[in-house]
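Trainee: All chains should be built: construct the whole structure from the sequences, respecting the hints.
Those protein sequence lines, which keep their order, are chains A and B. Per the numbering used here: the first sequence ends with 425, consecutive numbering throughout. Per the numbering used here: the second sequence ends with 836, consecutive numbering throughout.
It should be emphasised that the hints constitute simulated quantities derived from the structure, not laboratory data. Each hint should be verified, as a subset may be incorrect.
To be verified - 30 Å max Cα-Cα, derived DSS-like pairs, lysine-lysine:
1) K157(A) to K138(A)
2) K735(B) to K249(A)
3) K111(A) to K811(B)
4) K111(A) to K696(B)
5) K291(A) to K585(B)
6) K177(A) to K706(B)
7) K630(B) to K6(A)
8) K820(B) to K297(A)
9) K811(B) to K144(A)
10) K138(A) to K706(B)
11) K708(B) to K151(A)
12) K150(A) to K708(B)
13) K735(B) to K185(A)
14) K297(A) to K585(B)
15) K836(B) to K425(A)
16) K585(B) to K77(A)
17) K706(B) to K185(A)
18) K151(A) to K836(B)
19) K696(B) to K150(A)
20) K222(A) to K696(B)
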Amino acid sequence: MTLDRKITPPFHTIEKLSFPSYQIVEINKGLNLYALRAGTQAVIRLDLIFDAGLISQIQIAQANFTSSMLSEGTKSKNALELAESLDYFGSYFQTRAHADDAVATLYCLEKHLDKCLPIFLEALTASVFPEKELDIQKKNSLSKLLVNEKKNSYLCKKSYYQKIYGNTHPYAAFISKEDIQQINKNTLETFYQQYYLSGLKYVMLSGEFNTDKINLVSQAIKNSGLQKNENTSCELTIESNPGNYFIEKSDSVQSAVRMGKLSIGRNHTDFRKLQFLNLIFGGYFGSRLMKNIREDKGLTYGIYSVLEPNLNGSSWYIDTDINTKNRETGIAEIYKEIEKIKAEPIPQNELETAKNYYLGSFLKSLDGPFSLADRLKIIIDNKLSDSYYPEFVSILNETTSASLQDLANKYFDTENIVEVVVGKK
Amino acid sequence: MIQYNTFQLNNGLNVIHHHDNSTQLCALNILYKVGSRNEDPTKTGFAHLFEHLMFGGSENIPEFDLALQTAGGESNAFTSNDITNYYVTLPANNIETGFWLESDRMLSLDFSEKSLSVQRNVVIEEFKERYLNQPYGDVWLRILPLAYKEHPYNWATIGKEISHIEHADLDQVKSFFFNFYAPNNAILVVAGNISLDETKRLCEKWFEPIPRRNTLIKPYPQEPKQTEARKEHVYSDVPVNMIVKAYHMGGRLDPDYYASDLLSDILGGGKSAAFYHKLVKEKRLFSELDTYISGDADPGLFLIEGKLSKGISFEVAESAILEELEAFKNQLVSEKVLTKVINKTETNIQFGDISLLNRAMKLAFAAFLGDINLANTEIDHYLAVKPETLQMIAKNMLVEENCSTLYYHAK
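Mentor: What follows is the structure, encoded as C-alpha cells:
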C-alpha cells in the first residue's frame, strides 16, 4: 500500500489536564511551605517568596539593590566566602525583585540540600550590606544602565510602562542614574528589616526529593527567625496617559514599537478567555500578527501581543522591532488586525487550531517540576483553585467565535491606547 | 543516565529512541549534518536562512506550523556552525503528526518563491535586531574573522553581511536541500512516552520510503596554527569600553576539551571565580568579566570578555587579565577549586537533563560527534581532569601568539 502523505494522520484533542497534588505544611502560624514533587532528576529548587517587590519600595532602586546585595556578605561570611561555600556544592543562589514580590531561590542537587540550606538561609537572615560591596554594585549597575539606555527596546518598554501606569506607579519605577546615587546602606537595611526579615510570604520546594527533605526545610525556616509578613497591601493609583509617543534615536536601523492599554487581572471572570483571544491575536507563532507582519510581509523578526496580569494592575500590549523604512505600514497593519478581530468572527478552523495548540502548550507547561512550580506560584499569589489550569479544557470547549468577538470589542478597543515608538524619524 | 536504543533505516537514517514514561509528551529531534561551516564563503548565512525555509511548506503539506498546532504541538529550530537542528514536541498520543510533518519536509520542500522572499526579509530583520541594532551586537561578527583566517568559522551563522542573504536564490535553495537534507545525512531522536516498537513502526512508515541521496560534504580548510598576536580596534557609539580576547582551543572531541571548559569556569564562572573576585571586586577594573568557550565541533575558541570600569585604560585592564593568567600558569589549582567546578558541572548536567527535549538534543549531538555514549559519559571526562592538565593547557593555550584581541572603544 502506498503512503498518501496528503492525508493528515488521525490525532486526538486533549480532553483532560491535571495539576499534580502537592503538600502544604504549616511552618508557623499562617506561613506555609508548598512541596511539589515531580520529575526524574534528583534536583531541588527552593523558593522563598518575600513581600519585597517594587510595590513595597518607597525609593526607586531600593527593591533591586536590596535583593542583589543579599549575596554580598553576612555577619560571619564575606561575599567571597559566601559564594565559595555554595559554589563548592555546585549550587546556585539567586535573588530577584519583581513587580509584586521578591524571590530568593536555591538550586541544588538533592544530595547537597542539607549542606546548602544553612548557607542559603544565613545569606537571607544575616545580611550586612557592606559599604564596599554596595559601592561596587552601584558602579556596575550604572554601567549596565548606560548599556540599556542605548537599546531601543529598553527605552520603549520604559516609556510604555510610564505612560500606561503613570510615572509614580511602582511598575513604572525604572532606575535612573540619580536613583542609583541615592541608594545607601541605610535605605537597604530599612527595606531588608521590614520586607525580608519580617516579610516572608510563603515557601515552595520543588523537584524530585525524598519526603524527609520537606521536614528539613520546614524546620530550618522555622528556626531561621524569618517572620511572616503582616503588612496589609496598600492601594495603588494608576494614572494612564494614553496617546502616541515618539522617542528619536537617529542611528537605529530598526524601530522598537510597543502599544497597548490597561487590561484585566487573573481573577476576572473573562481573564482565561481573554488570554485565549490574545493567543489567537498575537500570542503564538500561528497568531494573526505573526502570520501577517512576519510570515506574509517580512517586516520583522518577531511580533507578539502579551496579556500581562500583575496583582496591582494589568496591561495588554503588542511588542515588536520593526524595519524602519516600513514602520508606518507595520503599525497600520497592527491596527488593521485589531479592527478585524473586532469586526469579524474568528473562523472555526482558526479557532480549532488555536484551541488544540493552547491545550498542547498547557500539557507542556504542566510537565516538569520547575514549570509546575511556576504555575503553582500563580495559583498561590492569585488565590486561585488547583483546578485553574485543568479548567481550561472546559473553558476553551465552551468558547465560541461570537463570545471571542464580544471580548475583542470589550478589551481591544483602541481608544485609550498608549503607543510608543523608538527609532529614526 | 539517559537510556537509549539505536537502529538504522535502509535509507541510512540513524534513529535513536529514548523512552520516558514519566511524561505525557513526545519529542522528535532531527539533526541535519550541515551548518555554516559548510557554506560557500561568498554565500554565507545560507544554512540559517534555509532553516527558516523549512517552515515554509513541504511537498504535501502547505503549512507546517498550522498542521502541527492543530495537533497540539510546538516546534522550533536552530542553526550553528556545525549543524542545523529541528525539534517538535507533541502530546505523546499525537506523535504521528510529527512523523508525518518531519518526513514530508525531508522528502521535499515546495520551493516557493514567496516563502524565500519573505524569509530573506525576516532574516535581514533578525540580522539587524540581534547584531546591528544592539550595543556590542557586532562583537561576534568582528572577532571571528580576526581569529579564523582559513576555516569557515571565519563567519557567524547569521552570515558575513546582509547582501549575502539578499542574493540567495531558489536554485541555491534546491541544490542545498537535495545535497544536505538527506536521510543519510541526518540523525533522528524519538524521545518521550513512546515504545521502541511504535518508534520503529512509525519510522519505517514515514521515513524509510525517502530515498537515500548522494550527499557531498566538500572538504573545507582547517585553521593553521596562529603564530602571532592579532589585535583590532573598533570605535562605536557604546557607553563603556569592552575587551574581548579569543584563544584557539581544541574541538569537541579533543582530549583537552573538558579541561578547557573547566578552566573557563575556574577563571570566570561566577562570583567565587578568580576574575570576578580579583578584577571586578578587588581591583575594580571591570564592571563585568566573563569567560566562556564556543563549544564547536572543530577547534573552537576560549573567550575572555570584559566591560571596563569608567576611567580604566585598555592597557591597565588587559595587563591585569594577563597577570591573572600568569599567576594561574605558575600555581597548580587546588583540589578544592577543582571539586567546586566539577560539582557545578554535575549540577548543570542534572538540571539540563530535566528537560525531555534537552535529553533528545544531547543524544543527537553526541551521535553527530560520533560517540552517542557521550550523552552519558561527559561527567566522567570532567571528573578525569587533573590540576596538572589544567596548568599545562593554560601554559600552551593562554598565550598572546594564540590570541585575537578586540578593543571595542566607546566613542
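Trainee: For the pair we were handed, K585(B) and K77(A), check the Cα-Cα distance against 30 Å.
Mentor: Judged against 30 Å, a Cα distance of about 49 Å means the pair is violated.
Trainee: Does K185(A) lie within 30 Å of K706(B) when you go C-alpha to C-alpha?
Mentor: Cα-Cα ~18 Å, so holds.
Trainee: Against the 30 Å threshold, does the CA-CA distance of K708(B) and K151(A) hold or violate the hint?
Mentor: This hinted pair holds, its Cα atoms lying about 29 Å apart.
Trainee: Does K138(A) sit within 30 Å of K157(A), going by the straight-line distance between their CA atoms?
Mentor: It holds: about 23 Å lies between the C-alpha atoms, which stays within 30 Å.
Trainee: K291(A) and K585(B) were given as a pair; does the straight-line alpha-carbon distance stay at or below 30 Å?
Mentor: At roughly 28 Å apart (the allowed maximum being 30 Å), K585(B) and K291(A) satisfy the hint.
Trainee: For the pair supplied as a hint, K297(A) and K585(B), confirm whether the alpha-carbon distance does not exceed 30 Å.
Mentor: Roughly 24 Å separates the two Cα atoms, so the pair holds.
Trainee: Measure nothing beyond the straight line between the CA atoms of K111(A) and K811(B); if it is 30 Å or shorter, mark the hint as holding.
Mentor: holds, 24 Å
Trainee: Does K735(B) pair with K185(A) here, judged by a C-alpha cut-off of 30 Å?
Mentor: With a Cα-Cα distance of about 23 Å, the restraint between K735(B) and K185(A) holds, given a limit of 30 Å.
Trainee: Take a quick look at whether K177(A) and K706(B) sit within 30 Å of each other, Cα to Cα.
Mentor: holds, 21 Å
Trainee: K138(A) and K706(B) were given as a pair; does the straight-line alpha-carbon distance stay at or below 30 Å?
Mentor: With Cα atoms ~12 Å apart, K138(A) and K706(B) stay inside 30 Å; holds.
Trainee: Hinted pair, alpha-carbon criterion (30 Å max): K630(B), K6(A). Please report holds or violated.
Mentor: The hint holds at about 14 Å.
Trainee: Are K836(B) and K425(A) close enough, with their CA atoms no more than 30 Å apart?
Mentor: Holds: K836(B) and K425(A) sit about 23 Å apart, inside 30 Å.
The earlier numbered hints that this structure contradicts are 8, 9, 16.
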